[in-house]
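Undergrad: Each chain is listed here by its residues.
2 protein chains.
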Amino acid sequence: MRLYPAWRRSRSRWTRSCQCVSRGAAPSFDLSHEEFQRMGQRVLDSMWEAVRRGQEDPILPSARGHEIRELLDAPLPREGIAVDEVIESWVDTLLPLCRHNGHPRFFGYVVTSPDPVGIFADAMASAMNQGLTAWRSAPGATEVERVVLRWLDELVGFSGEGSGILTSGGSSANFHALALAVRKADVSAPRHRQAIYMSTEAHVSMKKAGRVLGVPDEQIRLVPVDASRRMRTELLLAWLHQDREAGLVPVAVCASAGGANTGAIDPLEQIADVCEAQDVWLHIDGAYGAPAAATTKYALMRDSFARADSLSLDPHKWLFAPVDVGCLLLRDETLSRALFGWESEYTAITQTDPIERFAFFDHGLEMTRRFRGLKVWSILKARGADAIVETIRRDIELREALDDRIAREPSLEHLGSELSISCFRFRPSSDETEGEVDELNRHILETIVQEGSAYMSPTYLEGRYALRACIVNFRTTIEDIDFLLDEVLRIGGAG
Amino acid sequence: MRLYPAWRRSRSRWTRSCQCVSRGAAPSFDLSHEEFQRMGQRVLDSMWEAVRRGQEDPILPSARGHEIRELLDAPLPREGIAVDEVIESWVDTLLPLCRHNGHPRFFGYVVTSPDPVGIFADAMASAMNQGLTAWRSAPGATEVERVVLRWLDELVGFSGEGSGILTSGGSSANFHALALAVRKADVSAPRHRQAIYMSTEAHVSMKKAGRVLGVPDEQIRLVPVDASRRMRTELLLAWLHQDREAGLVPVAVCASAGGANTGAIDPLEQIADVCEAQDVWLHIDGAYGAPAAATTKYALMRDSFARADSLSLDPHKWLFAPVDVGCLLLRDETLSRALFGWESEYTAITQTDPIERFAFFDHGLEMTRRFRGLKVWSILKARGADAIVETIRRDIELREALDDRIAREPSLEHLGSELSISCFRFRPSSDETEGEVDELNRHILETIVQEGSAYMSPTYLEGRYALRACIVNFRTTIEDIDFLLDEVLRIGGAG
Numbered sequence: 001m002r003l004y005p006a007w008r009r010s011r012s013r014w015t016r017s018c019q020c021v022s023r024g025a026a027p028s029f030d031l032s033h034e035e036f037q038r039m040g041q042r043v044l045d046s047m048w049e050a051v052r053r054g055q056e057d058p059i060l061p062s063a064r065g066h067e068i069r070e071l072l073d074a075p076l077p078r079e080g081i082a083v084d085e086v087i088e089s090w091v092d093t094l095l096p097l098c099r100h101n102g103h104p105r106f107f108g109y110v111v112t113s114p115d116p117v118g119i120f121a122d123a124m125a126s127a128m129n130q131g132l133t134a135w136r137s138a139p140g141a142t143e144v145e146r147v148v149l150r151w152l153d154e155l156v157g158f159s160g161e162g163s164g165i166l167t168s169g170g171s172s173a174n175f176h177a178l179a180l181a182v183r184k185a186d187v188s189a190p191r192h193r194q195a196i197y198m199s200t201e202a203h204v205s206m207k208k209a210g211r212v213l214g215v216p217d218e219q220i221r222l223v224p225v226d227a228s229r230r231m232r233t234e235l236l237l238a239w240l241h242q243d244r245e246a247g248l249v250p251v252a253v254c255a256s257a258g259g260a261n262t263g264a265i266d267p268l269e270q271i272a273d274v275c276e277a278q279d280v281w282l283h284i285d286g287a288y289g290a291p292a293a294a295t296t297k298y299a300l301m302r303d304s305f306a307r308a309d310s311l312s313l314d315p316h317k318w319l320f321a322p323v324d325v326g327c328l329l330l331r332d333e334t335l336s337r338a339l340f341g342w343e344s345e346y347t348a349i350t351q352t353d354p355i356e357r358f359a360f361f362d363h364g365l366e367m368t369r370r371f372r373g374l375k376v377w378s379i380l381k382a383r384g385a386d387a388i389v390e391t392i393r394r395d396i397e398l399r400e401a402l403d404d405r406i407a408r409e410p411s412l413e414h415l416g417s418e419l420s421i422s423c424f425r426f427r428p429s430s431d432e433t434e435g436e437v438d439e440l441n442r443h444i445l446e447t448i449v450q451e452g453s454a455y456m457s458p459t460y461l462e463g464r465y466a467l468r469a470c471i472v473n474f475r476t477t478i479e480d481i482d483f484l485l486d487e488v489l490r491i492g493g494a495g
Numbered sequence: 001m002r003l004y005p006a007w008r009r010s011r012s013r014w015t016r017s018c019q020c021v022s023r024g025a026a027p028s029f030d031l032s033h034e035e036f037q038r039m040g041q042r043v044l045d046s047m048w049e050a051v052r053r054g055q056e057d058p059i060l061p062s063a064r065g066h067e068i069r070e071l072l073d074a075p076l077p078r079e080g081i082a083v084d085e086v087i088e089s090w091v092d093t094l095l096p097l098c099r100h101n102g103h104p105r106f107f108g109y110v111v112t113s114p115d116p117v118g119i120f121a122d123a124m125a126s127a128m129n130q131g132l133t134a135w136r137s138a139p140g141a142t143e144v145e146r147v148v149l150r151w152l153d154e155l156v157g158f159s160g161e162g163s164g165i166l167t168s169g170g171s172s173a174n175f176h177a178l179a180l181a182v183r184k185a186d187v188s189a190p191r192h193r194q195a196i197y198m199s200t201e202a203h204v205s206m207k208k209a210g211r212v213l214g215v216p217d218e219q220i221r222l223v224p225v226d227a228s229r230r231m232r233t234e235l236l237l238a239w240l241h242q243d244r245e246a247g248l249v250p251v252a253v254c255a256s257a258g259g260a261n262t263g264a265i266d267p268l269e270q271i272a273d274v275c276e277a278q279d280v281w282l283h284i285d286g287a288y289g290a291p292a293a294a295t296t297k298y299a300l301m302r303d304s305f306a307r308a309d310s311l312s313l314d315p316h317k318w319l320f321a322p323v324d325v326g327c328l329l330l331r332d333e334t335l336s337r338a339l340f341g342w343e344s345e346y347t348a349i350t351q352t353d354p355i356e357r358f359a360f361f362d363h364g365l366e367m368t369r370r371f372r373g374l375k376v377w378s379i380l381k382a383r384g385a386d387a388i389v390e391t392i393r394r395d396i397e398l399r400e401a402l403d404d405r406i407a408r409e410p411s412l413e414h415l416g417s418e419l420s421i422s423c424f425r426f427r428p429s430s431d432e433t434e435g436e437v438d439e440l441n442r443h444i445l446e447t448i449v450q451e452g453s454a455y456m457s458p459t460y461l462e463g464r465y466a467l468r469a470c471i472v473n474f475r476t477t478i479e480d481i482d483f484l485l486d487e488v489l490r491i492g493g494a495g
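Going line by line, the protein sequences match chains A and B. Read in order, the letters of the first sequence correspond to residues 1 to 495 in the working numbering. Read in order, the letters of the second sequence correspond to residues 1 to 495 in the working numbering.
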């Protein structure tokens, strides 16, 4: 892009800095090209083992807490050991102690099977070691993240502007959204008089955010849900009115576009109407479910997203990026600049060009930020949005197939589903007490998890212990669904 | 660690999931072993180029904002392209647009030259894709992070317990510390009546944290500094008394163990005395400087660390880990559990063993957390703490050598230094006005940065434009220091 200046020709840094062993007294951590390649090849083999054994080994290791601690506990190492030994320990010691979230029969929580392209991109991001504080510190990486924000916005239909920030995940995205809403309301009321609203099914990160921000726990209003676990809008409205009459200031409503429990989607349009009429911030937590808005089946969500003040959306969930990368899309970027843009001499920006003046630290809590955008950029470029949306659509279809079979099996009881999550339980007859059914299902789940052949997570729905299966996986097939239900029936029947 | 169960022998998942191309209608993102190896080799080459060219190319690219945006802007890609093309673009397109922070003459901000072992470990962390929410979700990784916390604690001499959490960086660590201090005080005063204290030189992240948490900007007290830019403790004490008399509640004092501007270390012992006497939370921001406590020269800091309630410390700064990994060490873990441990049905923990019950989400904002500990664990094991401390010691020596030469050069004026940061300016004679000196030094810095042969950051010290050099680098040698000063003298002399 430019001719090399005189200093470059006159002196080769590289020749010198590659003389890896100590110059003077201090150790150098550099590797020669040969060493880098040789060790890199071992790293690559380890990465392959992680991907391969992550699909072949038991999903959860059987090792207990004290065994693992004994294996790993040690005083601070004063002397180093060979790099090869360290690399070896990743596969020999750590890999067998991993939960293999990318396994085709991993149905727990909302954890994805990471696209190898994303894994590779993350490796490159570490080698580039960009800290995305501001444009001047990472020009190319900053522009990559800004284009990724525009792509994510386009994918789900938010504002079309791509304003926002990549975060470490949905919890951080939700926190930033609430921090903005609360701050905006500070002018009319101190925090102990503010109130925020979400359903009883809302993600715990929003409740925690409210508490951290200084909204009293009892003013974090948990609105009851209907039979489909969707926020009851008429109760939301009643509570808003009641709080206003009591002198409290309603600050934000957090709606879920895909709850973590059953995938329930709150009545977003009705909630948007309420927020508009009441002039209250609408945040939509789409950390898990927002990408489904790109499918035909869930396209209606787009209309509500377009009315929200902020939207969370996690590429490390249903966009198949490795941990971590979350995203907050934000309607009005001047608000985040007003909250987070605290000037300092040390970080003063002297650029005048509007692109070059941009600083992520004006829009979020983090100063040094990992180059999380590279993996999202690389996955979207390599796969194309259409293939990703097709995979999301297929995950939803697999959940529907799971529900179909639950409906056909007399001893399985369906408890709720939406998007790619289904909750159900084994109930052989109506003779058992609720306590017995709970106990039996706990036994089923623990047996499956212990055997390591599949993985579900437990949850409680209206006090009942439920088996919860979540499919956010490009590897899962209908055979995996059948395997899971066969296991539930087998263990339940034997129990 | 255990015999494989029946399901494993009866059916090889792996054979199936390796038939990479589409099964049924949906695309698979898996690669065959051959493809993984072939692409992995290209990734490895790209990573090597990032490390190599990061030391050979101009440190900052000359490309302007609109050029980079034009290069990267595009609508959301609907169709994918070959993975090879994407990998190629990392080196061909993005690498020339990076700032090369690992370059031996990168003297800007507090950014490290990452240890290749850390880069490799980060790649493996992405392949393992552990989400460190709780022990049950990532047993081995959780224990690795907990042992890393104990090692970091031991390295700098905090509590010996290793209580705390790895974060995305110092800003997040500082935020968590203040969130705890503020929350603890909620019982005695609402946030608009709380006050926090730090010096005018304190890191911007603590000011932002106070604001986000709802402490009014005017109650974020910026205590003036002495000539060495250290907090003036007698003024801190006076302000504390005055605020109490005015009915405010002093909540926390944030002291710096290595300010970002000049590396200044606040009078930690005196501040600890004040905090003890006044029963106020003492947070020490050692994001940059804390590891220096492991050197003989700065060992005295350990005594104060042992008295603090919380301490920030960034392995992605002076412990040579790639971005991101910060750390908050915390005296009393029950406090973080009380603030962040909001129970939910979905995340309910059924384990009874104390090791297995542990959940990081009870101690911080994040739910899904990247496996940041692996790179710190791997670097400490491969290099040993002694070699790292030796490198830190050498960086400090290089700063002292830089100061020595500044003292010998009549046209250079020393403005302040501590740890591995030195601030100075070019001042050929006493004839120039302050404005002229500022302008000349701005010209020097911009020329150096534009030429790409070295990199310093600007700051303002008592309103004067200063050249700031920070050495957090295992590659920097005395020749690099001389090169930098030669350049300053050459450009200043010609200007």
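These are calculated hints, taken from the structure and not from any lab test. Please note that a few of the clues may not be correct.
The list cannot tell twin chains apart, which means a pair is met if one copy fits it or any two copies do.
Stated by the list, open to error - List of simulated lysine to any residue pairs, SDA-like, C-alpha gap at most 25 Å:
| hint | residue 1 | residue 2 |
| --- | --- | --- |
| 1 | K297 | L335 |
| 2 | K184 | E276 |
| 3 | K184 | E218 |
| 4 | K297 | R307 |
| 5 | K184 | R307 |
| 6 | K184 | E413 |
| 7 | K297 | S28 |
| 8 | K297 | S344 |
| 9 | K184 | E479 |
| 10 | K297 | G80 |
| 11 | K184 | Q278 |
| 12 | K184 | L237 |
| 13 | K184 | L248 |
| 14 | K184 | T334 |
| 15 | K184 | R211 |
| 16 | K184 | Q351 |
| 17 | K184 | H66 |
| 18 | K297 | E79 |
| 19 | K297 | A82 |
| 20 | K297 | P410 |
Undergrad: Each hint should be assessed against the structure and marked as holding or not.
TA: Now the hints, each set against the structure:
In the homo-oligomer, the alpha carbons of K297 and L335 never lie at most 25 Å apart, since the shortest distance is 34 Å inside one protomer and 45 Å across protomers. In this assembly of identical chains, the alpha carbons of K184 and E276 lie at most 25 Å apart only when taken from the same copy (16 Å versus 36 Å across copies). Within a single copy, K184 and E218 get their C-alpha atoms as close as 21 Å, and across copies as close as 17 Å, so both meet the 25 Å cut-off. Within a single copy, K297 and R307 get their C-alpha atoms as close as 20 Å, which meets the 25 Å cut-off; across copies the closest is 58 Å, which misses it.
Only within a single protomer do K184 and R307 lie at most 25 Å apart by alpha-carbon distance; the minimum there is 18 Å, versus 37 Å between protomers. In this homomeric assembly, K184 and E413 never come within 25 Å of each other (Cα to Cα): the closest approach is 46 Å inside a single copy and 45 Å across copies. In the homo-oligomer, the alpha carbons of K297 and S28 lie at most 25 Å apart only across protomers (21 Å), although the nearest pairing inside one protomer, at 56 Å, exceeds that limit. In this assembly of identical chains, K297 and S344 lie within 25 Å of each other by CA distance neither inside one copy nor across copies; the values are 48 Å within and 29 Å between.
Taking the closest pair of Cα atoms, K184 and E479 never come within 25 Å of each other, the shortest separation being 51 Å inside a single copy and 52 Å across copies. In this assembly of identical chains, K297 and G80 lie within 25 Å of each other by CA distance solely across copies; the values are 23 Å between and 56 Å within a copy. Proximity of K184 to Q278 under the C-alpha cut-off of 25 Å is restricted to the intra-copy arrangement: shortest distance 15 Å within a copy versus 33 Å between copies. For the homomeric pair K184 and L237, the shortest alpha-carbon distance inside one copy (21 Å) is at most 25 Å, but the shortest distance between copies (33 Å) is not.
For the identical chains of this complex, K184 and L248 are neighbours both inside a copy (15 Å) and across copies (23 Å), given an alpha-carbon limit of 25 Å. When the C-alpha separation of K184 and T334 is checked against a cutoff of 25 Å, the pair qualifies only within one copy, where the shortest distance is 11 Å, while the shortest distance between copies is 32 Å. Taking identical chains as interchangeable, the C-alpha atoms of K184 and R211 lie at most 25 Å apart whether they share a chain (17 Å) or sit on different chains (12 Å). With identical chains, the CA atoms of K184 and Q351 are never at most 25 Å apart, being 29 Å at best within one copy and 41 Å at best between copies.
In the homo-oligomer, the alpha carbons of K184 and H66 never lie at most 25 Å apart, since the shortest distance is 48 Å inside one protomer and 33 Å across protomers. In this assembly of identical chains, K297 and E79 lie within 25 Å of each other by CA distance solely across copies; the values are 21 Å between and 58 Å within a copy. Taking CA atoms no more than 25 Å apart as the test, K297 paired with A82 passes in neither setting, with 54 Å inside one copy and 29 Å between copies. For the homomeric pair K297 and P410, neither the shortest alpha-carbon distance inside one copy (28 Å) nor that between copies (74 Å) is at most 25 Å.
The structure fails hints 1, 6, 8, 9, 16, 17, 19, 20 (numbered hints given earlier, in ascending order).
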